[in-house]
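If you use this note's numbering, the sequence shown corresponds to residues 3 to 61, in order.
If you're looking for bench data, these hints aren't it; they were derived computationally from the structure.
Keep in mind that the hints are not guaranteed to be accurate.
[What the hints assert, rightly or not] Listed next, with one range per pair, are the computed distances between beta-carbon atoms:
hint : residue 1 : residue 2 : range
1    : Tyr30     : Gly55     : 41 to 47 angstroms
2    : Asn42     : Val18     : 26 to 32 angstroms
3    : Thr19     : Val44     : 42 to 48 angstroms
4    : Asp7      : Glu46     : 19 to 25 angstroms
[What the hints assert, rightly or not] Pairs of lysine to any residue residues, derived as SDA-like cross-links and limited to a Cα-Cα distance of at most 20 angstroms, are as follows:
hint : residue 1 : residue 2
5    : Lys22     : Lys51
6    : Lys22     : Ala59
7    : Lys51     : Ala8
8    : Lys22     : Ala8
9    : Lys51     : Ser40
10   : Lys22     : Phe32
11   : Lys22     : Ala33
12   : Lys22     : Arg50
13   : Lys51     : Pro41
14   : Lys51     : Phe32
15   : Lys51     : Leu39
16   : Lys22     : His43
Bear in mind the structure is a predicted one, so any value in this text is a computation, not a measurement.
Virtual Cβ for every residue (Gly too), placed ideally from N, Cα, C.
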Amino acid sequence: MDGKDAFAALPVGRTVTVRKTIGESDVYLFAGITGDLSPNHVDEEYMRKTRYGRRIAHG
């Protein structure tokens, strides 16, 4: 059973929780697709100097 079949088998009204850890490739793929190459998302060195201390994923 693939992922599509698994969701199709859920009865109407049923809820599920889906989690995903955002990885390096996710950030860069999203940045490339959207054109959002803000240093907030793609520049680790720049973000180390901010109050956040590390990059922030899009969203």
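Now the hints, each set against the structure:
Taking the beta carbon of each, tyrosine 30 and glycine 55 are about 20 angstroms apart, not inside 41 to 47 angstroms as hinted. As the Cβ distance of asparagine 42 to valine 18 is approximately 31 angstroms, the hint placing it in 26 to 32 angstroms holds. Between threonine 19 and valine 44 the C-beta distance comes to about 29 angstroms, which lies outside the given range of 42 to 48 angstroms. A hinted range of 19 to 25 angstroms is violated for the C-beta pair aspartate 7 and glutamate 46, which are about 39 angstroms apart.
The straight-line distance between the Cα atoms of lysine 22 and lysine 51 is roughly 27 angstroms, outside the 20 angstroms bound, and the hint therefore fails. In summary, the hint linking lysine 22 to alanine 59 is supported, as the alpha carbons are separated by about 13 angstroms, within the 20 angstroms threshold. Our distance criterion of 20 angstroms between C-alpha atoms is broken by lysine 51 and alanine 8, whose separation comes to about 44 angstroms. With a C-alpha separation of about 17 angstroms, the suggested pairing of lysine 22 with alanine 8 holds against the 20 angstroms cut-off.
Note on lysine 51 and serine 40: the hinted pairing holds, with a Cα-Cα distance of about 15 angstroms set against a maximum of 20 angstroms. The straight-line distance between the Cα atoms of lysine 22 and phenylalanine 32 is roughly 15 angstroms, inside the 20 angstroms bound, and the hint therefore holds. Under the criterion of a C-alpha separation no larger than 20 angstroms, the hint pairing lysine 22 with alanine 33 is consistent with the structure, at around 18 angstroms. Proposed proximity of lysine 22 and arginine 50 is contradicted: the alpha carbons are some 24 angstroms apart, above 20 angstroms.
The straight-line distance between the Cα atoms of lysine 51 and proline 41 is roughly 12 angstroms, inside the 20 angstroms bound, and the hint therefore holds. Taken as a hint, the lysine 51 and phenylalanine 32 pair is broken in the structure, with Cα atoms around 23 angstroms apart against an allowance of 20 angstroms. Of the supplied pair hints, the one linking lysine 51 and leucine 39 holds, its CA atoms being roughly 18 angstroms apart against a limit of 20 angstroms. As the CA atoms of lysine 22 and histidine 43 are separated by approximately 18 angstroms, the hinted pair is consistent with the 20 angstroms bound.
The earlier numbered hints that this structure contradicts are 1, 3, 4, 5, 7, 12, 14.
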